[in-house]
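Enquirer: In case you want the letters, here they are:
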Amino acid sequence: MSAQTLLIELSYFSASILFVLGLKGLSHPDTARRGMFMAEFGMLLAVIGTLLHRDIVSYEWIIVGLLAGSTIGIAMGLWVPMTAMPQRTALSHAFGGLAAALVGVSEFLRHGENLGTFKVTALGFEVLLGGITFTGSLVAFAKLQELVKGQPITYKGQNVLNFLLFGSAVVIFIALVLNPGHTALFYAMCALALLFGVLLVLPIGAADMPVVIALLNSYAGLASAATGFALGNNVLIIAGTLDGGSGFILSILMCKAMNRSITNVLFGAFGSATATAEAGEEGVMREVSLEDVATQLAYARQVVFVPGYGMATAQAQNAVRELANLLEHRGVQVKYAIHPVAGRMPGHMNVLLAEANVPYSQLYELEQINPEMPTTDVAVVIGANDVVNPEARDNPKSAIAGMPIIEVDKAKSVIVLKRGRGKGFSGLENPLFFKPVTGLLFGDAKTSLNRLASAVGEL
Amino acid sequence: MNEVLIAGLYVFVLAAFLGYQVISRVPPLLHTPLMSATNAISGISLIGSIVTAGAKYNLTSTILGVVAVTAATINVVGGFIITDRMLKMFKREAKPAAEKK
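Protein chains in written order, with our numbering: chain A, 1 to 459; chain B, 460 to 560.
Hints were generated in silico from the structure; no laboratory data involved. Incorrect hints may appear among the rest.
What the hints assert, rightly or not - Think about it this way: if two alpha-carbon atoms lie no more than 20 Å apart in a straight line, the pair counts; the simulated PhoX-like pairs of lysine-lysine are:
(1) B:K547 - A:K24
(2) A:K24 - B:K550
(3) A:K397 - A:K256
(4) A:K335 - B:K550
(5) A:K412 - A:K435
(6) A:K335 - A:K256
(7) A:K435 - A:K410
(8) A:K335 - A:K397
(9) A:K335 - A:K446
Sequences are here, hints too, so could you generate the full structure?
Expert: Structure (structure tokens):
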């Protein structure tokens with residue numbers, strides 16, 4: 001082993017260890033930043049090590065790529081607002097998939113028919129996963145950025161078409177493994193992967209995005225791992241597997257939080273079918289006045305805020321925090337109940353509230369807060385719908401039956417901040433709105449919260 | 460079956476088990492930072508693209524390599540910056556000085 005190779009391998013070995021230690025740091029907010037510094041250092045080592053690679057004959061294009069990527073990366077890193085985090089994440093999965101797929105294509109071009117069975121298999125996985133991730137994430141990005149409508153886009157025979165597409169991609173993949181030199185097959189597979197990515201995500205609704213984002217995260221990681229197999233590089237396999245595993249675990253958690261299977265999320269096109277079929281439930285919504293709500297809040301012992309995607313769209317996180325501050329000054333115990341699928345990506349609400357300076361000791365998970373609901377005086381639902389829908393618990397025939405919910409209806413009083421009388425994203429009626437315990441405060445969440453804060457201040 | 464494949468599979472399976480252990484301990488509180496952190500880390504495919512971009516195998520390879528380097532660098536640099544930006548915001552107790560009136 002030459003000194004050069006030794007240095008490179010050493011840098012990759014250290015990077016692998018630092019990546020694992022870095023992720024281990026994320027098990028607690030106190031150690032998380034230090035962990036990330038370790039991972040960053042590992043990345044730096046790996047990049048420097050790679051620059052010593054004997055195949056590299058000129059650096060100019062590498063520098064161009066590094067500079068362009070860093071400029072865009074820094075700009076995005078510094079200026080993307082926290083509310084746009086789901087979009088940014090989807091976009092970065094697209095870049096990850098693209099990078100893996102392009103390296104795969106280039107390797108194929110270079111070695112052509114000299115590729116062994118093993119290498120062509122690895123390249124096939126790399127290009128398939130990379131391609132699906134690339135276009136799938138772009139569609140997810142477009143939906144989250146509202147460039148296309150967030151509702152599921154469905155048509156007749158959709159699942160059949162998707163299965164046919166996926167089936168042909170697999171058949172071509174097998175044919176390619178048997179004839180590694182067949183360029184046309186390779187490009188056909190690339191094209192199918194790209195097309196399949198689009199068609200896979202199109203029918204999935206915006207409310208199911210947490211699962212899709214986690215799944216695309218997993219694919220992007222596995223594409224990197226496949227690159228590792230193709231290039232015979234262990235640090236790529238390790239980092240890719242960690243990313244793939246993390247995405248996979250998150251998608252399972254998200255599915256559990258909705259009591260649905262991954263297949264159901266991917267092929268069920270939730271909401272579109274049920275929305276029109278169900279007749280609206282009979283009932284009266286009780287509208288409450290601002291002053292009434294302010295009084296209830298000000299004289300409560302415990303108030304629990306339940307945020308949902310509506311809080312993010314209304315940019316209401318700071319308004320919540322200001323109201324909470326006033327309440328705390330009056331001696332009210334304030335807590336926040338976070339459902340795992342509230343928002344558009346795993347952990348979305350936590351980040352928004354942290355940005356508004358809410359200490360994480362006040363953020364409670366579903367299992368922690370539900371036992372406290374009966375002793376909670378006021379539960380305030382801000383732009384959340386399905387995650388507080390009692391149908392999930394009470395009606396076994398409901399489309400969301402069995403989904404764990406935050407049981408706000410057990411609180412002594414429930415205030416729902418709502419823009420209008422319409423249904424939520426899933427299109428389901430929510431009987432919570434018609435319960436005697438529930439009062440509705442209509443209007444933009446941010447405006448309502450600001451006005452509540454001034455009303456509480458005057459009491 | 461060749462040796463590279465077998466060694467690679469060992470690494471893959473062990474990394475998967477290790478990853479499962481490490482990542483299951485990340486609290487839901489930090490799931491968004493986790494996602495952007497793993498995203499930055501899997502930008503390690505950068506090292507594959509650097510070789511492709513710098514090796515002058517042929518023109519197409521170089522072009523594909525440069526685009527790949529750019530895409531991967533965006534993820535690495537952007538991902539780590541955003542992760543840190545998010546992690547900085549998580550505080551156990553509110554700092555009175557930072558509170559807005």
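Enquirer: Of the numbered hints stated earlier in the document, which are not met by this structure?
Expert: Hints 6, 8 contradicted; others consistent.
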